[in-house]
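The listed protein sequences derive, respectively, from chains A and B. Just so we're aligned, residue 1 is where the first sequence starts under my numbering, counting upward by one. Just so we're aligned, residue 144 is where the second sequence starts under my numbering, counting upward by one.
Just so you know, the hints here were simulated from the structure itself, not pulled from any lab data. The structure presented is a predicted model; accordingly, all values stated were derived computationally and were not measured. Each hint can be trusted.
Reference excerpt, derived from the structure (chain A facing chain B, CB under 7 Å, subset only):
#1 I45
#2 K46
#3 I53
Virtual Cβ for every residue (Gly too), placed ideally from N, Cα, C.
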Amino acid sequence: MEADVEPRLLLVHCIRDTFQLTGTHIGCDTSHCGACTVLLDGRPIKSCTLFAIQAEGRAITTVEGLEQNGTLHPVQEGFCQEHGLQCGFCTPGMMLTAAAFLKENPRPTEDGIRTAISGNLCRCTGYVNIVKAIQYAAAKLAE
Amino acid sequence: MIPPGFEYYAPTSVNEATALLKQHGADAKILSGGMSLIPLMKLRLATPRYIIDINRIPDLDYIREANGFLKIGALTRESDLERSELVRSKYPILIDTSSTIADPLVRNMATVAGNLAHGDPANDHPATMLALEAQVVAVGPKGERRIPVSNFFTGILSTALSADELLTEILIPIPPAGSGGAYIKMERKVGDFATAAVAVQLTIGADGACERAGIGLTNAGPTPVRAKKAEDVLRGRKINDEVIRQAGQLASEESDPKSDLRGSAEYKRDLIRVLTARAIRRALERAGNGS
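Extracted from the complex, chain A is given alone in its bound form (with noise of 0.2 Å):
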């Protein structure tokens, strides 16, 4: 995707309304709870705290890109299966940093999935069931 932006512009913003996609979300604003989480090649990072400009040229993934093919990624498998939300406003965030997470960490224990969403934070306090739905995620990549 392209587009003329002012240096100032946040991707955030570049993601949510030059692009028109609304599946990255804007929860603190601060650069603390990860709802604005997306993949920068390939590393989960808070794209409220980034200008657009920086990521000229290298490769963004947000939730939209996280379904392949009409086939939902494990890890979206996985939070609808064992409920990993509920009000669903930090769970594109978490997904994506769960992907990541799992490229680099197959074999996950229950503490390292806890460090990996430590910048992530549900306001349900939904945690038990995310750490559960990542715990699928891993065993299904695993197949």
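We have chain A; now place chain B onto it with these hints.
Frame of chain A, contents of chain B only:
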């Protein structure tokens, strides 16, 4: 929150970056990880007219040992330390430090060099680099110079870098055999700055006496603090419970924390006493294990 407007440069060499710094001086800010700068701009606490984004400069992203130093390039991310087998096996004090900074997502952007160059006494690497007796390499229009980290922090949020200099590399002397280090931080929750934190790096000789000691304190004064008296009490002695107790007491006396939401100054000084003792014990264990 929308940051104020600025003119954006993305130089592709260190020379180009320093030429821009020379041209724009104090009106310009370097953007590396941006994890301190961009939040400050969004809050309009920083309003630079020019942003010099160094992320397009090649060959500044590395971790390697050469010429007696562990060298960390300016664009090395905090999470790169955690991913580095060399750092994990030989420099656990750096893993202690980076793994307590902000959260894993922020660490994918935040740079180790930026953590120093920001000059914030609440940042974590300053104390660790003081304990390790690291140096930084600064490049400006007149060439390159090395600055010991012990002379780097000159005041609140200010460093020895001139307005036209770029921090390009961190140099950590490779510790001799019998060395070990640890960083222990007390934080209220993930992502918070330290209530207090202590870095300790020791070298223990064949006779069991401490040959070298470095102790740095986080959020313990207007600049990062090197606890020299506590270092002195360790050096040349066999480290036993009594010596550890004295070092903790001295480090506490050398600190100058402020009361804030994280605790009273009195509480923080006591915390530094306790954390210093714990960090010395962990460093000693690691010195025994050859790391």
